[in-house]
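**Student:** So the chains spell out like this:
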Amino acid sequence: MNGFTGFVLRRTVGTAVTLLAISVIVYVVFYATPGNVAQITCGPRCSPEQVHQVARQLNLDDPLFLRYWHFLQGLVAGQDYSTGTSVQHCSAPCLGLSYQSDQQVTQLIWAKLPVSLSLVAGAMVLWLLLGVGTGVLSAWRRGRFSERVLTGVTLAGTATPVFVIGLVLMIVVCGELRLLPFPQYVALTDDPEQWAWNLLLPWLSLALIEAAAFARLTRASMLETLAEDHIRTFRAYGVGERSIVGRHALRGAFAPVIALNANNVGSAIGGAVLTETLFGLPGIGQELVHAVNVVDLPVVVGMVLVIGFFVVLANAVADVLYAVADRRVVLT
Amino acid sequence: MSLVEVTGLRVDFGELRAVDGLSFRLEQGAALALVGESGSGKSTVASALLGLHHGTGARVGGSVRVAGTDVQRASDEELRRLRGGQAAMVFQDPLSSLDPYYAIGDQIAEVYRVHARVSRRAARARAVDVLDRVGIADAARRSRSRPHEFSGGMRQRALIAMALACEPRLLIADEPTTALDVTVQAQVLDLLRTLREETGMGLLLVTHDVGVAAESVDEVLVMRHGRAVEHGPVSSVLGAPAQPYTRELLAAVPRLDAPRAGSTAPEKAVLEEAAPQGAVLEATGLRREFGRGKRAFTAVRDVSLTLRRGETLGVVGESGSGKTTLGRMLVGLLEPTAGEVRYEGRPHTGVNPAVQMVFQDPVSSLNPRRSVGESIADPLRARGERDEGRIRERAAELLERVGLEGAHYDRYPHEFSGGQRQRVGIARALAADPRVIVCDEPVSALDVTTQAHVVALLGELQRELGLALVFVAHDLAVVRQVSDRVAVMRQGRIVEEGPVDEVYGSPQDPYTRQLLAAVPALDPEAAARRRAERRELAAA
Amino acid sequence: MSEVLLATGAIGTDTSVPAASGVRQFWRRLRTQRAALVAAGVVALLVLVALAAPLLTALEGQDPTTYHPSLVDSARGGVPIGPLGGISGDHWLGVEPQTGRDLFARLTYGARVSLGVALAATVVQVAIGITLGVAAALGKRWVDQLLSRFTDIIVAMPLMIMSLALLAIVPSSFPRPVLVALVIGLIGWGNIARIVRAQTLTLKELDHVSAARLSGWGTWSIARRELLPGIAAPVITYAALLVPSNITVEAALSFLGVGVKPPTPSWGQMLTAADVWYQAAPQYLLLPAGALFVTVFALTVLGDGVRTALDPRAASRLRVGTGRRRESKAAEGGRA
Amino acid sequence: MRQPSVTARRVAAASVSLVLAAGAAACGPEDNDAKGVGGDSTPHKGGTLTVLNAGPQQDFDPARLYTSGGGNVPSLVFRTLTTRNRENGAAGTQVVPDLATDTGRPSKDATVWTYTLKKGLTYEDGTPITSADIKYGIERSFAPELSGGAPYLRDWLVGAAGYQGPYKDKKGLDAIETPDDRTIVFHLNKPEGEFPYLATQTQFTPVPKSKDTGTRYEEHPVSSGPYRVVRNENDGERLVLERNTHWSAATDAERKAYPDRIDVRSGLDSSVINQRLSASQGADAAAVTTDTNLGPAELAKVSGDQDLASRVGTGHFGYTNYLAFNPAVKPFNDVKVRQAISYAIDRSSVVNAAGGSALAEPATTFLPHQKSFGYTPYDLFPAGKAGDPAKARQLLKEAGHPNGLTVTLTHSNAKDFETSPEIATAVQDALKKAGITVKLQGLEENDYSDKIHDVKTEPGFFLAHWGADWPSGGPFLAPIFDGRQIVKDGANFNTGQLNDKSVNAEIDAINKLTDLDQAAKRWGALDKKIGEKALTVPLFHPVYKRLYGEDVKNIVISDWTGVLDISQVAVK
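Protein sequences appear in the order of chains S, W, X and A.
Residue numbers for the first sequence follow the numbering used here, so the first one is 1 and each next one is one higher.
Residue numbers for the second sequence follow the numbering used here, so the first one is 1 and each next one is one higher.
Residue numbers for the third sequence follow the numbering used here, so the first one is 1 and each next one is one higher.
Residue numbers for the fourth sequence follow the numbering used here, so the first one is 1 and each next one is one higher.
Do not rely on the hints blindly, as some may be mistaken.
[Said to hold, decoys possible] Simulated pairs of lysine to any residue, SDA-like, Cα-Cα distance not exceeding 25 Å: (1) X:K140 x W:E335; (2) X:K140 x S:A21; (3) A:K211 x S:H89; (4) W:K294 x S:T83; (5) A:K433 x X:D73; (6) A:K170 x S:S82; (7) X:K204 x W:R383; (8) A:K451 x A:K397; (9) A:K501 x S:L9; (10) X:K204 x W:E502; (11) A:K433 x X:A58; (12) X:K140 x S:S82; (13) A:K433 x X:D90; (14) A:K451 x S:Y31; (15) X:K140 x W:R292; (16) X:K204 x W:S444; (17) A:K209 x A:Y167; (18) A:K432 x X:G61; (19) A:K119 x A:V329; (20) A:K211 x S:S47; (21) A:K385 x X:L59; (22) A:K439 x X:G139; (23) A:K432 x X:P175; (24) A:K397 x A:V407; (25) A:K432 x X:K204; (26) A:K168 x S:T83; (27) X:K204 x W:P244; (28) X:K204 x W:G350; (29) X:K204 x W:R287.
[Stated by the list, open to error] Residues from chain W shown here face chain S by an in silico Cβ test under 7 Å; the list is partial: (30) F13; (31) D93; (32) L98; (33) D99; (34) V111.
Honestly, the hints are just simulated from the structure, not real lab data.
Beta carbons: idealized from backbone N, C-alpha and C, even for Gly.
In isolation and in its complexed conformation, chain S is listed as follows (with noise of 0.2 Å):
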């Protein structure tokens, strides 16, 4: 399929084009940012002397071209950086150093990742599953007063915020019924069933915000599906309501429930933040509100840049399906 080929290659342009205006975008917003970075990293009783020399340090000086031309070479060419006792090298694609932590923004990235993607994995197939669920029941139940009573549960999911959903969650099932061990990521390469034990109840409760918007969506399109003239025409053949509305409606709301996952998935890796720090994950979106109270624009423009590659990524994938899906669509 050689148009998949020329889709994939324009994609990778496209993505490389929009992570290059993300940081853009964030250098300049963030270098207007107030707050004395080096007096930040040197510490509240530096000396003024000493606070200059950290500035030399992190060449924090340079006028905003030159260090967002720095950053640039680091992105293809690595970077050197003293220790004081050694010179280390960071090799392409570098991208630079935290001002706080000396550490290289791409080992904080590979240590942070993994928590972020395995959040937003688990919550995916918990939304997925309970928000297409109750979507499909309540369009099967249309009209009852079942499908009021789903609609309505749903819309509460989006109506209470996760900070609360996730507190009260966590005082009842670890706190008070202690079913499950309070949160406390342990990697999966570590101990996958600890892993899966410790991470269920923030699924569980980023999953019930996100559920609410899938069921509306797939109530609708499937309700949409339902009126087209092609259910007509299996009705008038005798078909079953039940494979009509398994097989034919829910075919229907194939497309736009992928469309709204693609920007669910891509959206939480960085913006579940507030699950992160309700639950002590330290993943992505947790370090990147840190970094921005810091103002360590080296992580921040890091974190930023990874989040907006899986946004990227995720409608990319998103695409793909939709395609392979309903061979109508051309891949452009």
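For this one, chain S is given, so just place chains W, X and A on it according to the hints.
**Tutor:** Just chains W, X and A now, kept in the frame of chain S:
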């Protein structure tokens, strides 16, 4: 016991009574046509036969017995066995009657497995052989492709194949060919006829096109406002109609063979002798491409034509022939990829107030959120006319001119019928005092009787205001009735052009001949002669 | 920010022009839906409470800022004294732990900020969405590409982080509630722009728009006279769903410490402070959470009702069976 | 000054903010088995101690840490010349020898300090600890790459102001002599009687030059204490310590080191930490926290539950929250206006906003209520329980503001319940009765600390706080009121911009004293003298209350740190 017995059928949608006490019988193997204009309730009757109104909130009275099953009191299980098993239905719009996501073979197999307890593989084999039977070449491979990979005609054949799968005793066809081109329509009607001869299946055909009815059924039942007006064998009802409504209906149907009694014909003769006026609109080498790269598609390839003052040029062709694209280029809505349009000698690109257009779909041609009068006054306001009094007066005058009342100024489009809305469209076109009006399928969305009135209106306006008209349509009979000269288009080119009598009388191009042979005739003998001609042309 | 991702209800791009339009039809169809009516009633009540906050609190004889140290038990962390969190004759909903401020006053004034910020943010989002959406649909190919690419970038940006940055940059003299509304607005318009672009592309093809071009109107007057009314339906529907999600975004911003600043009370802020009092003074959490829940729930139900009322096809969708369309749709097989 | 470092995780902020309700009512004493409070309380070796923290152990390098008395977790790995006496209450504020044989021998009017190392001191790999290592450790703390430590060495050591650390100036610091492997001599540019206190900080930890890896040293620093670093992920997010076999208890009387292994976890939400400590399930039974206090909401819950109340450690740390005036800004240049505000302040609503009387004690003196600071009680402008509006109005009338005054109070938007909006609104309400209308100006945290520490942009009236680097009047009063510590072009902490000859002279005089008790009395008297100028309005001193797991024994809370000392705790 006859195949279908309907006594005193009544169907109400809320306070609207669609069918009011209809009774008729259909014997095994016989064919009956329900003929009537939109809103006559003919489709509602067809759906009632399969009990499809259950659960829709419609109230159904009287009794309906199909193949021994009393539809009104049948249980869900009995209804399921009837639908598809005993009686099958084919619908009007092939584009949307099949599920876009599944292969066609699978959809037919799914329906077949409802009525025959067979394995999935056997059902798919059955699907392939019914597809083969309805004339789809290489049925095995084509059964795996999706509906959008089939043309309109092939999709309708696939639907007929689906109906055949369970060998029903009755086939209900609800406007099966309305959405098809005239050549494809002819093939599908022939297919239906041969299938009925082979299987002895009963046929209930619902159509608004009297010609289609004449071609394929033994008996005709003319309906109006939910009631039967006349019922009898085809030859008597169409040959010697007893009821005044039937006569009026038949008179309004444009015919190929009948003399061109069209209202525009006589005066036209006078004009022709006078030296032909200068060409008011000329197009040379027009070309238009859509899309880019691999998926580019050329709608119009190198078309040249001239239009003289007071003359009507008919442009006829099937779907995909590029006639609408040509119309939009003449008006300036679409920029040609190559070639040029000259108005009164001067090349004009983009919109020209002297060249206006009347659109096809009465629903989307008027802005629903604006009153009818306002839509008509649009061109006046656009030209800078500020005096409200002047505007309302001019608009009211135009409303009267097109046969509506001046007082309708403040009414909304949804309060008018399709025909009335087309008249508003025409009034709007006139508001810009044009010299040329391009009509893109102005009447194909209307019923036969309304069609005739609108065509007559166009003729009067042309004579009175000396307008030049371009009449784009797919219905050969209507084009013949209206035009002075005709151009026949195929795949973006004009294959034949000339005075209407020459082109219709002695068509040179084989495609024109094929088109003319496909037009359904009213009386059965002419219909039989045309069928023979088609078979001979197909064999050539 | 995914927790408060904008609820993208299925806004089918309304290809068929609504059969019966006009405001009268809309009200007639809206009245038929009981749930939507109840929701509209609740929303109206909330707006009334928000507007009449000063009057209501004067009635109770309190104000949202005065401290009542005597009403809280300082030795036990400042938990309110008296039953149910200090509910009494002059404190209808009890007092706030630690400060002893009147909860009823803070809740009603809080409604002002939460609803105000949410509505203002929605207006900003709709305005930007429509301008960019229409521009993308009507402009040339490269304009469309550029704007769509820009929308992707904005949607890709994590909403929460950009708000943090913007809120940190603007000097604190700028009135905070307006700033918060602007920030939410500036960042959340992505989806509306996409919907408007899709709808305009569909409307552009309709005949009455071509007729308007033929009458001699310029592109922008066509956009104003023909396209905008056509866009109103899906935009209003989506906006009705945007308002509730904007409320939760403001609450989330407060949780991260960058929302509206004390002493201006807002539900998000109360929630942030109250969540730790879940066991010691539950009513302090339940009141703002309940208020937020009721508002968002009512607005979403109203949003659903508005969508059904505006989109006649939705009304017919509920009638299952052969609801055949009127014969007038005997369109040719596919436009040439 | 142990100002909570700005880099503390703001969202999961330490101390009292955003803290979840503690122990679940359901799991109260009823199901309390034998092991509970009454069990065998003598501490035994062994087991794993879990530490649940909000903030990470960032920059775990002795040169970069800013600690008071060597810190809690750091002091397990980094031994220093002297350290704090690990005992309860006031006794815990004394300095005791650690690596050195004594707390230091002053000479030449306390400008030269000599220390001798104990015998048999080794690193985790068995190599001996020499005085050169201690000199190198101090020199490292001057490198710009390793910034973050306290400023005292830079200010006190001779010729150290411009020194840029061993990586740039190879020749090192002359002010420090190492005549032989066990002796080290410090030369100061002015008398400093409290040098032994400074020697408790981690900059005095030995670092072998051969094992120094610059900015990467923090990943696995060479341990001289009872535990060595086994695992350090993401710059202190997860830190695991195990027994250092080469550490000998004989040379270290202060650290008990009962547990075999210590697992320090961070990035946890403070409400979760308190919830886990109260539930005390599984590993959490042997858990403590070193940075998360009980908030007001939890306190309300805990005080109602006997079992939980018995597992709360209460401590006092030398720390004062106060209102600061900038006399350079009108109308605060008029002492009467400052006195009027001192009279008007209703401390009760401020204390309530800070968490109530159990978590904050009203303050009328600048120095905290501890003998080691030389606390001498005084209340120069008595505001009584709820402020004295009448006196305030009278003073304002005299100052030319008959019908009240409108001022702007600047505060930070951080959620630390010290300079946060909640406290600001409490002050606003407190001054209202006296006719003083207060408008609030909230700044982002970084913006706030930049503005108040820069002489040019310092607001007239703002919330501030100060903590002691060690329990003595010196580090409390000198940086705030010593005229010579005013910094024109950088971080200035002398907010009152006081440059009074007699105050400066008295500070120098007290610094000469090596008898710490006598010095303390002199600091107390100086505090009262400065109080008369009404440059600040003391508001409250915080009280730290922290939960610990059921199995945790041998709780020692000194007045030096005010929190549980992790080196004394046992879990078996």
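**Student:** Each hint should be assessed against the structure and marked as holding or not.
**Tutor:** These are the hints, each one checked on the structure:
no., hint, verdict
1, X:K140 x W:E335, "14 Å, holds"
2, X:K140 x S:A21, "22 Å, holds"
3, A:K211 x S:H89, "20 Å, holds"
4, W:K294 x S:T83, "56 Å, violated"
5, A:K433 x X:D73, "22 Å, holds"
6, A:K170 x S:S82, "16 Å, holds"
7, X:K204 x W:R383, "22 Å, holds"
8, A:K451 x A:K397, "31 Å, violated"
9, A:K501 x S:L9, "75 Å, violated"
10, X:K204 x W:E502, "41 Å, violated"
11, A:K433 x X:A58, "20 Å, holds"
12, X:K140 x S:S82, "51 Å, violated"
13, A:K433 x X:D90, "21 Å, holds"
14, A:K451 x S:Y31, "18 Å, holds"
15, X:K140 x W:R292, "15 Å, holds"
16, X:K204 x W:S444, "23 Å, holds"
17, A:K209 x A:Y167, "11 Å, holds"
18, A:K432 x X:G61, "18 Å, holds"
19, A:K119 x A:V329, "58 Å, violated"
20, A:K211 x S:S47, "29 Å, violated"
21, A:K385 x X:L59, "31 Å, violated"
22, A:K439 x X:G139, "50 Å, violated"
23, A:K432 x X:P175, "23 Å, holds"
24, A:K397 x A:V407, "16 Å, holds"
25, A:K432 x X:K204, "63 Å, violated"
26, A:K168 x S:T83, "12 Å, holds"
27, X:K204 x W:P244, "45 Å, violated"
28, X:K204 x W:G350, "17 Å, holds"
29, X:K204 x W:R287, "23 Å, holds"
30, F13, "16 Å, violated"
31, D93, "6 Å, holds"
32, L98, "6 Å, holds"
33, D99, "5 Å, holds"
34, V111, "4 Å, holds"
When held up to the earlier numbered hints, the structure conflicts with 4, 8, 9, 10, 12, 19, 20, 21, 22, 25, 27 and 30 and fits the remainder.
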